[in-house]
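K.L.:
Chain A is already provided as a structure; the job is to place chain B on it using the hints.
So the chains spell out like this:
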Amino acid sequence: MGTQMTNRTGANAPAPAIVRLDGAGKAFGPVKALDHVDLLISPGECLGLVGHNGAGKSTLVNLITGLFAPSQGRVDYPGAEGPLAAGIRAISQEGTLCPNLTVLENLSVVQRDLTGPGWRARAAGRIGRALDAVFPGHRIRPEALVHDMTLAEQQMVEIAIGFSEGATPARLVVLDEPTSSLDASIAAQLLAHVRRFCAEGGAVVFISHMMGEIFDVATRIVVMRDGRNIADRPADAFTRQSLVDAMGHVAADDHSDSSAATAPRNLGDRAKAILRTPEGIEARKGEIVGLAGLAGHGQAEALARFYLSQSSDWRGAADPRAAFVAGDRRRDGVMPVWSIRRNLSLAMLDRLTRSGLIDQHRETEIGESWRKRIGIRTPDMGNPILSLSGGNQQKALFARALATTAPVIVMDDPMRGVDIGTKTEVYEMIRQEAAQGRTFLWYSTEMDEIRNCDRVFVFRDGAISAELEGDQITEENVLAASFEFGETAA
Amino acid sequence: MTQMLSLHRAPWFWAWMAAFAAFLATWSLSVGGGGGGMALLVAALTFGSFSVLTGLGQMLVITMGPGNTDLSIPATMTLAATLSLKLMGGMTGPVALIVLAGLAAALLIGAAVGVANFTLIRLLRIPPIIATLSASFLYQSLAIWSNRGLRIKPPEVLADFTTGRALLGMPNLAWAALAVSVGFWVLLNRSGFGRRVSAIGQNPRAARLAGVPVARISAMTYVICATMAGLTGFLLACFSGGAALNMGAEFLLMSIAVTVIGGSSIAGGNSNVPGIWAGALFMYLIVSMLNSYGLGAGVRLLLTGVIIIAIVAAASGRKG
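Residue numbers (this note's numbering), protein chains in the order written: chain A, 219 to 708; chain B, 1023 to 1342.
So that you can see chain A by itself, here it is in the shape it has in the complex:
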């Protein structure tokens, strides 16, 4: 249905398309990252690509650049053999420069014709002209080591490499969050260059969470959701509001089942906050405070900073001030060598020890009681933690935090990869614990979890962009605050 809305914009342009996706899809095991996408990109176009985290934007880009082969449908480059010959270049969000190489050497990594005698001079010419064209007045030396450059300079070099001359001229440049480390004036230079490049017959795919930039450069906007392109129209057919609405539409049944959860609770005066972080997060006793916004906008860092400020590198505490539930289990949570029981008791060791020695009898009892209470599906808590499914490992990590006496529980998007049954059980447990006076700081990228919160802080670019409470906690408001509009969001 949504895919039928595709406008055949390519029909307006006489030149053949640079890339054509025909019902293209990509599945990773059972997960469909991209589902039956039709897309045509023609010379002279600047395509704005928007969508929430996990909507499939990166997968789409990887199909266009030929990094992934489609598992369904076709990706064609009319008139060219492959993505390289078609002049498709991509600048990724994370940065792919080699820090131990100079700018010139980095250019030669992607432009393989830069070999033989005199390659440095040719490379210096190419990158110099590209930098001068995109960022006039830049102060980047081509012989400089990437490692010694600022983040913004590195991003500028990466963009310049994308637009530089080469054996095959650039015809389609994909820019994924290209302005994330650039200041306003440099970003404006880039946007001007994108418009120039497209006017001269090049094409650009522009991904950004800054709505202002999208409207600034895009001639056409594609909205992605759940791996499909659900809207594909000329940019002037969108308003800011209609764009946000298109990105964030949620199936109706999602609204109903969790609305009862957020009946306003009497939490007392807002001035009675028991915690305040430097970022401005506040929480009262018994409050469930959500941290929302797009992934990677500083929520996890804010939580980690808070937790580290509440615990010590030198003193263990029988009564910790906070306990942490990891979302990235392997990196931040699970002790792979140990049994479930030992994993569970780690945060409360100081309550289990008598003159330094662990009371193993009590440890077993506590393990058993949590096995029943949180429903860890195992016959024996002495089994290795890795024998459990991901969801059950996560329950053990929840139990680790809840078994402490900590008044504040910090949760770093803990429901990743957890099935819906487990989620419902854990939501219920969180509400019970909050009713008994525990405070929760809960970072989540999923809207139905955010709806469980009493108050929500939306993060953008490492800072709080909105504070929502009660009825204000809607997907529309969270999304509006997650994206940059260049003006105050509603």
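Don't read these hints as lab results, they were simulated from the structure.
Ideal Cβ placement from N, Cα and C applies to all residues, glycine included.
Possibly wrong hints are sitting among the right ones.
If the Cβ cut is set under 10 angstroms, some of the chain B residues that face chain A in the computed set are [to be verified]:
no., residue
1, A1201
2, S1203
3, R1212
4, G1216
5, R1227
6, A1228
7, A1232
8, R1238
9, I1239
10, V1245
11, G1290
12, N1292
13, A1336
Covered by chain B, according to a simulated footprint, are these stretches of chain A (three or more residues, beta-carbon under 8 angstroms) [what the hints assert, rightly or not]:
no., stretch
14, 425–433
15, 517–531
16, 542–549
17, 571–579
P.N.:
Using the frame of chain A, we list chain B on its own:
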């Protein structure tokens, strides 16, 4: 039956098998039979004790995960032995007091070295291997500077104790090492400290986020390791009639080897005490076996290396 199975799965099982095989092989070579076996066992236990004592400390450090190794053990042994023997040599008074003062000095010097090591690692953010290795030159120089080539004899009572066999005909040193080992076993398997060392070894970031005071635990671990080196240096100097500048040299690799052969994971988080004993006995026996064959030093070292690799490979293959 189930006990047999779990015994077979214990990480130290293969190390003990290897040690036992090495014992039989060496014994069968020594002519004379029964008496030779006893002498061999006593020798293995005596020399093995030093490896056990350094190995226990090293094992604790290695348990904290990749990169954690104390390379200052030899220099610490020399420094503690030199200074404590010098102290005892200059003291007059009741023998018990002299002995106690010497022991306390050795332990304290070890602990101070541990604090210094950890300070370098923590404050200057130097990788532990580099920090302990470079600091060991400092400790070695201190030892050279303080004893100026003099060889001070240990008090007679200590020399007698360390070479004696008071109980069941077994060396006193082995009994002492056994007592310390039991302490380490409790520390590692029953104490909150041991749990936390293991947690850091598996995933330091996750350990910190679970409330483990990572800095304190690492500091204690390095202090315990260096204290064990101080103790070993003290005992070895008393055993061999005085401190020598190169007395600790072989324990640099020995302490690591016995840890690894004993089945402790070099990747951290997993370690065990019985394996240290098997590793220590095995290492002694394998060298005496190759000696009895009358092989040259080069071939001996080569075979020792090959055998260690074989044991470690067999042990890790079993886990997979």
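K.L.:
Each hint should be assessed against the structure and marked as holding or not.
P.N.:
For each hint, the structure was consulted:
1. Look at A1201 of chain B: its Cβ only gets to about 18 angstroms from chain A, farther than 10 angstroms, so that hint breaks.
2. Violation of the interface hint for S1203 of chain B is found here, the shortest Cβ-Cβ separation to chain A being roughly 17 angstroms, above the 10 angstroms cut-off.
3. For R1212 of chain B, the suggested interface contact is upheld, since its CB lies about 5 angstroms from the closest CB of chain A, less than 10 angstroms.
4. With a least beta-carbon distance of about 9 angstroms to chain A, the hint placing G1216 of chain B at the interface is held under the 10 angstroms criterion.
5. Checking R1227 of chain B against chain A by beta carbon gives a least distance of about 6 angstroms; that is within 10 angstroms, so the hint holds.
6. Checking A1228 of chain B against chain A by beta carbon gives a least distance of about 5 angstroms; that is within 10 angstroms, so the hint holds.
7. Because the closest C-beta pair between A1232 of chain B and chain A is about 5 angstroms apart, less than 10 angstroms, the hint holds.
8. Taken as an interface hint, R1238 of chain B checks out: its beta carbon lies about 5 angstroms from the nearest beta carbon of chain A, inside 10 angstroms.
9. Satisfaction of the interface hint for I1239 of chain B is found here, the shortest Cβ-Cβ separation to chain A being roughly 9 angstroms, below the 10 angstroms cut-off.
10. Residue-level restraint check for V1245 of chain B is violated (minimum Cβ-Cβ distance to chain A is 14 angstroms; threshold 10 angstroms).
11. Annotation: G1290 of chain B was flagged as interfacial toward chain A, and the flag holds, the nearest CB pair being 9 angstroms apart, inside 10 angstroms.
12. The beta carbon of N1292 of chain B is positioned within 10 angstroms of a beta carbon in chain A (closest approach about 5 angstroms), and the interface hint is therefore held.
13. Interface hint at A1336 of chain B: violated, since its Cβ lies 20 angstroms from the closest Cβ of chain A, which is beyond the 10 angstroms cut-off.
14. With 0 residues carrying a beta carbon less than 8 angstroms from a beta carbon of chain B, the stretch 425–433 of chain A misses the three-residue requirement, and the given coverage is violated.
15. For the stretch 517–531 of chain A, the stated coverage by chain B holds: 6 residues have a C-beta nearer than 8 angstroms to a C-beta of that chain, and at least 3 were required.
16. Counting residues of the stretch 542–549 of chain A whose CB lies closer than 8 angstroms to any CB of chain B gives 3, which reaches the minimum of 3, so the coverage claim holds.
17. Beta-carbon proximity to chain B at under 8 angstroms applies to 5 residues in the stretch 571–579 of chain A; the threshold of 3 is reached and the given coverage holds.
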